[in-house]
Amino acid sequence: MKAEAKWWYNLPLVTSLSNPDSYLRMTLKSFKRNRSAMTGLVLLALLVLSAIFAPKLAPYDPIEIDFANRLAPPSSEHWFGTNEFGRDIFSMILYGGRISIMIGLVAVSFALVCGVILGVLAGYFPKIDNLIMRFTDVWLAFPTFLLAIAIIAILGPGLTNAMIAVGISATPQYIRVVRGAVLSVREQEYIAAARSIGAKNGRIILHHILPNVVAPIIVLSTLQFGTAILSAAGLSFLGLGIQPPTPEWGAMAYASRSYIRQAWWMGVFPGFAILLMVLGFNLLGDGLRDILDPRMKQ
Amino acid sequence: MLKYLIRRIISAIPVLLGVSVIVFLMIHLIPGDPVQHILGEFASPERVTELRNQLGLNDPLPIQYFKFLGKAIKGDLGRSLISNAPVVDEITRAFPVTIQLAIYSIIVSSVIGLVAGIIAAVRHNTFWDQLAMIGALFGISTPSFWLALIFMMVFAYNLGWFPISGYSGLASLVLPTAVLAALSAGSIARITRSSMLEVLGQDYIRTARAKGLDEETVVMKHSLKNAMIPVVTLVGLQFGALLAGAIITETVFALPGIGRLAVQAITTRDFPMIQGVTLFVATLFVLTNLIVDLMYGIIDPRIRLQ
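Chains as they are written, first to last, in numbering that gives the first Met the number 0: chain A, 0 to 297; chain B, 0 to 305.
Check each hint, because a few of them may be wrong.
What the hints assert, rightly or not - FRET-style restraints, in silico, Cβ to Cβ:
no. : chain 1 : residue 1 : chain 2 : residue 2 : range
1   : A       : Leu23     : B       : Thr266    : 47 to 55 Å
2   : A       : Phe66     : B       : Asn157    : 22 to 30 Å
3   : A       : Ile51     : B       : Ala253    : 34 to 42 Å
By construction, these hints were calculated from the structure, which means they are not laboratory data. We put the beta carbon where it would ideally sit given N, CA and C, even for glycine.
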């Protein structure tokens with residue numbers, strides 16, 4: 000059977016669930032054809048691998064002090080130069096990838112869990128919809144980065160608090176997207192059908208609503224990953240997030256501020272690493288949006 | 000229109016009250032004793048009692064809130080714990096720098112974003128479309144502090160075209176504006192393009208072309224206005240993001256604006272200042288979104304009736 004151009008390929012996920020294999024294969028096929036998604040995936044794969052194998056790849060210990068080589072410019076020994084303590088920037092960047100990925104994972108998971116719970120409740124139960132959404136309005140009244148900074152002001156700087164701050168400030172986006180998706184799904188006939196055969200709310204939500212709102216959640220999470228990494232790096236850059244000597248990209252740029260005249264490499268390379276990682280997530284997210292959810296274009 | 004206006008303005012009041020509750024609670028959400036947190040572990044008991052009284056932390060919570068709200072409405076946000084100056088005075092002094100920066104950036108980024116977005120949509124799937132979209136993608140992926148550092152190294156240190164840091168008139172705002180505008184132009188271009196593409200596929204555009212209108216009229220008159228709603232929404236949101244994003248840019252360029260005030264307040268645990276700045280920026284953001292809502296009514300008269 001030829002796989003392309005069947006009219007029912009464009010139907011929502013649930014219709015194709017009768018044959019999940021073909022749906023998955025179809026999605027995978029359009030993924031491979033999507034240039035943006037593939038570029039993002041390759042870029043991220045390289046960055047993740049270099050972070051995982053940092054101990055093998057890094058030529059130096061990222062926190063080892065070497066005063067003889069402080070502020071050394073990029074050379075064959077130190078590809079990206081060294082910082083004010085003689086630490087090798089290239090090795091620090093490799094290790095720093097681990098922290099950025101961890102921050103993204105924790106912050107996005109936090110926002111995802113809170114946002115999906117609140118969004119589903121708001122979208123499915125009209126009685127509490129108003130309450131949750133007014134609450135979300137207040138939440139959204141704070142610009143994202145300001146909210147993250149305010150939370151740091153309360154909790155104090157540090158890695159854990161930075162992840163919490165970024166997670167909390169990303170949550171309202173999830174509530175809105177998930178609620179919107181749930182609202183449109185709950186009016187579908189198959190929900191009425193499930194209810195008419197006596198399915199309870201919990202079952203309807205878990206088996207009929209959630210599987211049908213997965214696509215926008217995946218897309219949003221990919222894009223939020225990039226935003227979370229940017230926010231966390233921004234916090235560290237202000238000295239409010241991860242503190243040196245932890246080799247975090249934002250914190251490395253923070254340290255570079257005092258040496259901007261003597262050592263451009265201290266800030267330029269870590270910042271470029273952030274750019275590459277965020278770019279990877281945005282490319283992947285854009286591609287996934289085109290594949291999974293063509294109507295959610297921004 | 001008047002009814003729509005009044006309804007919108009009234010709907011902003013509960014949000015602003017909610018914001019004031021959150022900002023008020025900030026100091027109470029500090030884990031442990033807020034006064035100990037502000038003064039540090041080794042503060043004398045006298046100083047602790049004194050500050051507790053100064054911040055009015057001995058009253059019951061609701062009383063404290065109503066006092067806070069009553070004063071805030073009258074424009075009294077307390078005194079800075081560091082300089083002892085009224086918080087409002089410090090904000091009024093810093094605000095002109097930030098608002099100039101935000102307004103210049105939003106103008107520059109809207110112009111760049113709109114032009115790039117329209118070109119990308121009209122020349123869909125051509126080299127120009129791809130160029131604009133790759134540029135936009137880099138815009139939304141670049142860390143603001145990185146761009147700020149690079150601009151500073153190149154244009155201030157090496158070429159010496161602009162002052163390196165501090166505020167000495169318009170020239171000091173050129174690089175920070177360029178940084179902020181470069182970053183938000185990306186999202187404006189993306190949304191303009193997708194909104195324009197949607198409109199250009201509508202039946203009435205085909206009708207306009209069919210009756211022989213030239214491309215310029217079709218694009219500028221029939222499409223652009225109809226594509227503006229999502230763009231205006233985003234520009235409103237970007238304005239808020241710029242106010243907050245100025246935090247990083249102002250810090251890099253040592254501009255004496257609201258953002259730097261916020262960072263200094265946090266590092267010195269100056270809580271009345273932190274609360275004041277947060278309340279101020281959030282209120283401004285709510286008002287911006289209110290203006291955006293009002294603009295919907297002007298752009299699309301149907302919205303007034305809903």
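Are A/Ile51 and B/Ala253 spaced within 34 to 42 Å by their CB atoms? 39 Å, holds
Mind checking the hinted window 47 to 55 Å against the Cβ distance between A/Leu23 and B/Thr266? This hint holds: roughly 51 Å between Cβ atoms.
Hint says 22 to 30 Å; check whether the CB-CB distance for A/Phe66 and B/Asn157 agrees. Given range 22 to 30 Å: holds, Cβ gap about 28 Å.
When held up to the earlier numbered hints, the structure conflicts with none and fits them all.
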